[in-house]
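Chemist: Read off the chains here:
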Amino acid sequence: MTATATALDLGDIQGDILRAYGNAYGRTSYVFVTIRDPTGGRDWLRAIADRVMNAAPWPGAEKPSCAWNVAFSAPGLAALGVPERVLRTFSDEFLEGMELRAKVLGDTGSSSPEQWDGGLRHPHVLVTLNGLGERELEAALTELRTEVVRHGLEIAHEEHAHTLDGAREHFGFADGFAQPAIEGASDDRAEGGGVPLRAGRWRALAPGEFILGYPDEDTRVDPQGRLPSAPASPLGRNGTYMVWRKLRQDVALFRRTVAAAAARYAGGDERLLRAKVVGRWEDGAPLVSHPIDPGTFDATAPGANAFLYGDDEDGRRCPLGAHVRRSNPRDALGFEGRLSFRHRIIRRGMPYGEPLAEGVLEDDGADRGLVFVCFNASISRQFEGIQVQWLNDGNVFGLGHDTDWLLGGQNGGSMVVPGATGDDPPFYLAPQGPFVTTRGGDYLFVPGLTALGAIADGVTG
Amino acid sequence: MLLDLTALRDGNRCGQASAFMALTPIKAGHEDLLRADLEALGAGDGPSPLARLPRTHFGRWVVCEDFVTDPSQGGADTMGCPHLIFTCCIDGDIQSYLEELCAELAPETRMIWRHCINAPDPAEGADLVRYLRHNQIDTGLFYSAYPNTTVGEVRRVLRQQAALRALAVDAPMLTAEELQRRFLAEVGGS
Amino acid sequence: MNATASLTTPTTATGTRPGNRDGYAIAITVFSTVKWWGRAALPVVFTVPKIAPQTISTLQRLSFIHFARWSLIREIPYNGAPQPEIKLRHPHLYFESNFNGGWEEYIDAFSHILTRGMWLFWGSSYGFPKALPTGPFKAYIKANEMEASHFYSAYPQATATQITRALELDELLADLRARAADMPPDEFAAAFGTLMAEAQRCC
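Chains as they are written, first to last, in this note's numbering: chain Z, 1 to 461; chain Y, 462 to 651; chain C, 652 to 854.
The set of hints was computed from the structure by calculation and includes no laboratory data. Any given hint might turn out to be false.
Straight-line alpha carbon distances no greater than 25 Å define the calculated PhoX-like cross-link-like pairs of lysine-lysine that follow [what the hints assert, rightly or not]:
| no. | chain 1 | residue 1 | chain 2 | residue 2 |
| --- | --- | --- | --- | --- |
| 1 | C | 789 | C | 686 |
| 2 | Z | 103 | C | 793 |
| 3 | Y | 488 | C | 738 |
| 4 | C | 686 | C | 738 |
| 5 | C | 781 | C | 686 |
| 6 | C | 793 | C | 686 |
Chain Z on its own, in the form it takes in the complex:
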């Protein structure tokens, strides 16, 4: 036990934050509901409240057939009658919402809000349904739709996502390895998921980095033990902030671009070039520990994710601009990771749309991509820090204003793939795409179950 260790109130924390349903639940539907009047909205919330899943462990092998979870945008809370003086205690970026922060986030041009799916602008309430299978999910969707109509509300948008074969995303990479280790919840993942210490040791992150109302990394060094800023009681305990983004992927363009570039790279090794862009091989093997080939990588083996960039400072193995190195730099910014450890997020995403058949290089016009979801206690420090300072701009990595090449974006930007040894010249990838465009999203608040009850009863303060 450390000084900051506080038992997490798992019975009051919503279940999708600390637990990755995707491992067992292959289908997820995201349903955005618009509140028409506070009374109808609160009646509806009370009607579905007992469906909402908490984080308590499931006894034995018994899994619920469908797990419900709920989150609210700031206008959603206002529409449910949460008073202004309570709203003011939420973070500025949450109150502004994703659309107003579009320029900050680099959601411009083809990713700008005017281009977003209509139902994803100004959402109120997000209900996330995780079904064990299609049948279970359909049953829950029917129930949800019925309750919505019965209370005079409207469904603004439904997004149906599902895991792809081999837990890959649409570009073909296994995804979701680098989750933060959280004290009291996932200490066993500290190695590779926590904060690197000296002599190859790691420690888990303080829970308050991800769940409101608990000590965070700042509390750890505060003799007075102050807790991080959170919404006013009772909303500020056991909740968190959620970022929801629908990201469309142009798979055909990605394949064509990489194939064309690979023709000029290292004897045409396209598989290696793809790995250089991402920082991991398709099966997830990190380039730092597997620079030549993925070998037989077992993501579940102890220490599989426990790599650092310290002895690959020049990016000979994993380029400085590789996607996973930029989005979770570990020690890559120097100073023993002290510039990165406060910018971690819990990532929960799921692909949507049908995969583009293997080998196809022409776009079939189908909408496919990733529903990006993450949880963090401070959207500005954590999610936005990663998006704005690390992915959209390369300066902290010594990469000028290059954006993350895998994501592209309005600035474009080339990417340098250093030669494997000192004598090999680097290879430069020309500005691309973009391969990924934003189709909509918002900043949401995920209340604890007590807080959810207070919202439903109209007694938030």
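Starting from the known structure of chain Z, fit chains Y and C onto it as the hints suggest.
Modeler: Chains Y and C alone, transformed into the frame defined by chain Z:
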């Protein structure tokens, strides 16, 4: 008696660069007028007037209402009236820079320092240089990441870096002759 | 338009007020009131080469800052009536920085990396809450910070890191630049490859 250590070293300099700061008192009731005039400088994405002084790396004008008062300091310590802070990070010596400022930027300096107590009228030229010198605050420690590089040099090496990067992206598609020709044209021989 | 957005104060992408920005460059302007012992201690910190260099070299490594300065104000220059003549009870510390990156990252870096350096410079200021934890430290800076009415950078698109790398590149490039025109194309292409292998971290 304490030795005045700052006298041993010119804190206003770092390499070839100099730091200048002037703290000038604002006429009663003129803070908002001054702010509006300052915000209008280079408004609408036009160039800042400081761009006309090629020795300027950075510059700022700040309207300061007063010093900060911390509850623990036992009573406020006041400036007496709001002050205008002007600072710049420049190439070379301060005196000749101020002379350039007060001549080249006379239309702007007149507009700005007319809001300050006992500034010359019109606020320009040698009189304004003397006024700014009188109100100069010496710098204790001046830091620069590239103390011996002038504005012109900064711009040149940045252009060169961008040109070389663009050429490196295209290089695999070029013949040796094309590569050399473009290098000489875009990065430059010497 | 999002109705709840009106509850917030506008800040820019980088967490600072709009007046403090020019392109990628950000201005910080801060005053703090200095305790009696700072009057003697700060000039020592500023001047004695053995005290601050660790902080200065860390600043160099952090590579966020183009230019920064600290000044100790002991008296207010007097220009005659109607300026009130003032005798200061305390010295005041003026700090300004011309940097790039997000405000939040910048202050984080100061807190976590320059913990001791921060104490050297601000330990004698009233109300300085120590660099760690970062929350109270950020609140302290926010409370003492002033917004510029006009801020100018001569190269607003450049960051300090880019400039130092471009300067390194300039040195590496000097030799090839001098010889390029007289080399046979194949020899040039080989030399270009060697240069790029050497120069990749600056380009």
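Chemist: Now, for every hint given, state plainly whether the structure supports it.
Modeler: So, going through the hints one by one against the coordinates:
1. C:789 - C:686: holds (21 Å)
2. Z:103 - C:793: Distance of about 23 Å is within 25 Å: holds.
3. Y:488 - C:738: Holds, at roughly 19 Å.
4. C:686 - C:738: Cα-Cα ~16 Å, so holds.
5. C:781 - C:686: Between residue 781 of chain C and residue 686 of chain C the Cα gap is close to 15 Å, so the pair holds against 25 Å.
6. C:793 - C:686: holds (20 Å)
Taken one by one, the earlier hints all hold for this structure without exception.
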